[in-house]
Amino acid sequence: MANSKNIWAATLHEDGGSFYRAPLGTPLPDDALDALDAAFKDHGWMGDDGFKVSPKRDTTKHKAFGGSTVKTTQDNYECTVTATIYEQNIVTLKTVFGDDNVTVSYASGHAKYRVEWSDAQLPRSSFIQRYIDGRKTALNVIEEGQIVEIEDIEYVHDQLVKFTVNIDVYKPESGNPGVYSLIDDPDATGSGS
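Residues 1 to 193 (our numbering) are what the sequence shown spells out, left to right.
For the record, the hints were derived by calculation from the structure and aren't laboratory data. The structure presented is a predicted model; accordingly, all values stated were derived computationally and were not measured. One thing to keep in mind: the hints can contain errors.
Straight line, CA to CA, 25 Å or less: simulated DSS-like cross-link-like pairs of lysine-lysine [said to hold, decoys possible]:
1. 41 <-> 52
2. 41 <-> 162
3. 5 <-> 52
4. 52 <-> 136
With the hints as extra help, turn the sequences into a complete structure.
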């Protein structure tokens, strides 16, 4: 039976945290309500376009004599995650430019950053996206992902400086899927069938 309580509109958690990164091997949550390991760093404000998870299956349609499709096989599966980060803080800068390419010092109440735009590949990391809808909470867990593209960074007077990152998702050594969701829905009813 149709139930409108099962319809989600993802929004920001009340504590403001929605996008996190940690080094590979950091313990991952088992439940949507688990506290995240301290190694997961929050990136702050995110773009109003939320998150985009793009699973893609490449297939081949096999034809019989006469042109009818008789079987479809899957040739490839990949997943890319996109996030737009608004805040320009130490966590964001290290995520976008690489941990070893950002330094910060503090003097007279000022943060002094040096950001090196290096051609080195960014490291594989673990990422978590967190969102809520009312009392419902969900996490998208990316155990092993790598930022492979940073979209154009624009510096113009009538736009925000933002960092849109595209993350390729890899099958981790643990055997878990590349992306999985943990969902807590206190409004659910029924036996789960």
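Hints, one by one, checked against the model:
| no. | hint | in the structure |
| --- | --- | --- |
| 1 | 41 <-> 52 | holds (20 Å) |
| 2 | 41 <-> 162 | holds (18 Å) |
| 3 | 5 <-> 52 | holds (22 Å) |
| 4 | 52 <-> 136 | holds (19 Å) |
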